[in-house]
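The task is simple: from the sequences and hints, build the whole structure.
Mapping of the sequence shown onto UniProt numbering: position 554 corresponds to residue 554, and the numbering continues sequentially without gaps.
A few of these clues could be false.
Straight-line alpha carbon distances no greater than 27 Å define the calculated DSSO-like cross-link-like pairs of lysine-lysine that follow [as the list claims (entries may be wrong)]:
{"id": "1", "residue 1": "K154", "residue 2": "K275"}
{"id": "2", "residue 1": "K323", "residue 2": "K154"}
{"id": "3", "residue 1": "K265", "residue 2": "K240"}
{"id": "4", "residue 1": "K261", "residue 2": "K275"}
{"id": "5", "residue 1": "K265", "residue 2": "K219"}
{"id": "6", "residue 1": "K275", "residue 2": "K323"}
{"id": "7", "residue 1": "K261", "residue 2": "K240"}
{"id": "8", "residue 1": "K364", "residue 2": "K323"}
{"id": "9", "residue 1": "K275", "residue 2": "K346"}
{"id": "10", "residue 1": "K323", "residue 2": "K363"}
{"id": "11", "residue 1": "K323", "residue 2": "K240"}
{"id": "12", "residue 1": "K323", "residue 2": "K313"}
{"id": "13", "residue 1": "K240", "residue 2": "K154"}
{"id": "14", "residue 1": "K364", "residue 2": "K313"}
{"id": "15", "residue 1": "K261", "residue 2": "K219"}
{"id": "16", "residue 1": "K313", "residue 2": "K363"}
{"id": "17", "residue 1": "K154", "residue 2": "K219"}
{"id": "18", "residue 1": "K154", "residue 2": "K313"}
{"id": "19", "residue 1": "K346", "residue 2": "K323"}
In short, the hints are calculated from the structure, not lab data.
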Amino acid sequence: MIRTPRLARAADVILRHEFLAAWPTAGYEISGPQALAISGGVDSIALAAMCAHYHPPSYRSHIHAFIVDHNLRPTSTREATEVHSFLVEELDMPTRIIPVSVPLGEGGKNLEALARTARFRALGIACRDVGAGALFLAHHADDQVETIVDRLSKSHVLGLSGIDPIGGIPECFGLHGVAGSGDLLPLHRGACNVRYGNAVRGMETGGVRVVRPLLGFEKARLRATCEFFGVRWWEDATNKDQTLTVRNAVRHIYATSAMPKALSKTSILGLGAVKAFQNAQREREVERLFSMCDIRLDVRSGVATVRIPHLQKVVEGGGEGVKAVGMGLLRRLAELVSPLEQAPLKGFDVPFEYVFGSRDAEKKAFTNAGVAFYREDKWHAANSRPPSTPVSDPETDAWHSAWILTREPAPITDVIEISPSTTPSPFTLWDRRFWISVLNPTSSPLRIRVLDEATLRAIRAAIDADALSVRFSDPSIVRDWAASTGRALPRIDAEGGVVRGGLARTLLERLMGRVARGGVRYSLPVLEGEGGVVGLPTLGVGFEGSGEKEGVRWEVRFKDAGCGRECFVGDEGMDGEKNADVVEKKKRRKVEDPERGGQAKAVPKRRERPSNSRTTGAQ
Numbered sequence: 001m002i003r004t005p006r007l008a009r010a011a012d013v014i015l016r017h018e019f020l021a022a023w024p025t026a027g028y029e030i031s032g033p034q035a036l037a038i039s040g041g042v043d044s045i046a047l048a049a050m051c052a053h054y055h056p057p058s059y060r061s062h063i064h065a066f067i068v069d070h071n072l073r074p075t076s077t078r079e080a081t082e083v084h085s086f087l088v089e090e091l092d093m094p095t096r097i098i099p100v101s102v103p104l105g106e107g108g109k110n111l112e113a114l115a116r117t118a119r120f121r122a123l124g125i126a127c128r129d130v131g132a133g134a135l136f137l138a139h140h141a142d143d144q145v146e147t148i149v150d151r152l153s154k155s156h157v158l159g160l161s162g163i164d165p166i167g168g169i170p171e172c173f174g175l176h177g178v179a180g181s182g183d184l185l186p187l188h189r190g191a192c193n194v195r196y197g198n199a200v201r202g203m204e205t206g207g208v209r210v211v212r213p214l215l216g217f218e219k220a221r222l223r224a225t226c227e228f229f230g231v232r233w234w235e236d237a238t239n240k241d242q243t244l245t246v247r248n249a250v251r252h253i254y255a256t257s258a259m260p261k262a263l264s265k266t267s268i269l270g271l272g273a274v275k276a277f278q279n280a281q282r283e284r285e286v287e288r289l290f291s292m293c294d295i296r297l298d299v300r301s302g303v304a305t306v307r308i309p310h311l312q313k314v315v316e317g318g319g320e321g322v323k324a325v326g327m328g329l330l331r332r333l334a335e336l337v338s339p340l341e342q343a344p345l346k347g348f349d350v351p352f353e354y355v356f357g358s359r360d361a362e363k364k365a366f367t368n369a370g371v372a373f374y375r376e377d378k379w380h381a382a383n384s385r386p387p388s389t390p391v392s393d394p395e396t397d398a399w400h401s402a403w404i405l406t407r408e409p410a411p412i413t414d415v416i417e418i419s420p421s422t423t424p425s426p427f428t429l430w431d432r433r434f435w436i437s438v439l440n441p442t443s444s445p446l447r448i449r450v451l452d453e454a455t456l457r458a459i460r461a462a463i464d465a466d467a468l469s470v471r472f473s474d475p476s477i478v479r480d481w482a483a484s485t486g487r488a489l490p491r492i493d494a495e496g497g498v499v500r501g502g503l504a505r506t507l508l509e510r511l512m513g514r515v516a517r518g519g520v521r522y523s524l525p526v527l528e529g530e531g532g533v534v535g536l537p538t539l540g541v542g543f544e545g546s547g548e549k550e551g552v553r554w555e556v557r558f559k560d561a562g563c564g565r566e567c568f569v570g571d572e573g574m575d576g577e578k579n580a581d582v583v584e585k586k587k588r589r590k591v592e593d594p595e596r597g598g599q600a601k602a603v604p605k606r607r608e609r610p611s612n613s614r615t616t617g618a619q
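Written as structure tokens, this is what we have:
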């Protein structure tokens with residue numbers, strides 16, 4: 001513990017108006033409960049002290065402080081207890097100590113990386129428990145310098161913007177309600193009621209964001225602020241060990257050496273600011289272009305149909321600038337259906353050439369970032385069905401090309417075990433694409449795994465033998481069939497359509513053919529028990545034929561794909577054509593085309609993303 005009687009100079013202290021102007025950063029509005037990550041060091045104690053002294057009481061009442069005890073040092077538990085007492089007794093701040101266990105040696109990671117993962121996952125869960133949508137961290141300008149210098153030494157050009165002031169919480173992928181999840185964007189407006197064996201209800205959004213309001217202040221000012229308020233802090237001796245981490249080494253060099261002007265803190269921070277501005281410009285252009293694409297995302301199968309405008313017509317400038325935007329757009333589109341947590345931008349160099357560059361039209365299909373890209377004509381030819389809208393249609397002359405994006409045809413090993421229970425299971429992320437919760441009131445466990453050819457053959461055989469009946473959660477599947485064939489409408493109960501025999505087989509094949517053609521169906525989950533298959537959750541298909549399966553329910557949500565409801569194709573009608581949002585999106589506004597002498601042409605209408613749906617990486 002360190003205390004000092006020295007009075008700080010007024011010029012060193014972070015003043016109220018400075019602090020409030022930086023809270024929160026990046027123009028984001030933060031509301032509801034908020035959380036502070038407090039280590040006990042001078043930076044986090046300064047953050048807590050300013051929250052206590054500068055925020056009004058009505059605001060402070062929504063702030064929670066969390067202290068993570070890694071238990072990696074002999075004194076860590078004692079220090080955590082002391083910090084807890086200080087925050088509660090001297091700052092009147094609700095505080096909780098979170099003990100964590102660091103799995104030493106796991107996955108070949110070093111101790112620092114393992115501790116970081118354990119820390120952020122614990123903090124994310126704690127935020128979810130109190131309903132906090134924002135976690136405030138005390139990174140400051142000196143941390144920014146160390147980060148940029150570290151990345152310079154590793155030739156990490158794209159990372160020279162430094163630490164993001166706001167972004168998604170790191171290390172928490174797959175935690176429901178923490179990382180890109182917790183809120184639902186329904187497939188259809190007002191479609192919030194859970195039905196039996198519902199197909200995908202919509203897309204997950206929300207989660208916890210990390211905010212760093214102190215990046216504009218040097219550590220010396222944080223220390224001066226603590227001294228001004230007369231508060232104490234705790235030093236971690238490992239932070240001074242220059243042999244422990246690269247950051248410690250950089251910190252030691254700056255503290256003990258006279259750096260050349262080009263590597264001064266001012267120069268490094270200036271470099272970071274320039275790179276951050278350039279990155280932000282590029283991302284805004286990527287988002288503008290993404291909003292102009294014509295996208296139909298079928299959240300039942302994770303298949304996206306995408307029409308891309310001509311880059312040269314909609315992006316100003318040329319050369320590397322256009323290429324950077326094009327690569328960013330392809331990554332953004334891949335994120336719609338990719339099973340990967342992140343897709344590195346540099347991996348889209350060659351795909352850019354396939355879609356926009358010198359190899360344009362040469363490559364009909366390729367895979368990247370866990371996604372298979374197919375030119376629309378190749379996709380429909382391979383699956384024996386003409387495209388829904390021919391690429392040569394006069395209305396499509398605004399488009400550069402049309403693509404079908406699916407999960408790449410790689411093995412899926414995810415298995416979710418569902419124990420018997422009278423309450424639904426927690427939402428679990430299957431194949432990093434579908435969040436699934438199951439109510440299993442039976443006496444036997446269920447499990448979710450990938451559908452394979454053998455299982456589908458068994459389902460077909462059981463239906464043909466009249467051993468299984470099929471329940472469709474969307475009654476319009478049966479109604480549309482009756483309307484298209486002119487046949488009598490089978491009985492449909494209040495919860496969905498239950499059919500047997502040849503009709504069940506016909507409707508199942510029809511649904512599969514429209515939603516999950518070819519190999520796509522073998523990337524979807526199947527729910528099964530000891531007695532056989534129970535359902536195809538994402539398709540809203542349940543199988544009945546065993547009393548053991550009675551009462552099984554499920555709910556499915558697609559991952560946060562970062563697009564609005566107008567992109568969705570779902571369970572309203574056999575192929576989603578009745579989705580009012582999709583129909584409305586097709587009504588593109590007309591603009592003048594100077595290359596045609598003023599003749600109007602169709603261009604895509606820009607879309608608004610759901611708020612907070614996309615987040616950037618965090619440090």
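**Prompt:** What are the numbers of the hints that this structure violates, sorted from low to high?
**Reply:** Violated: hints 11 and 18.
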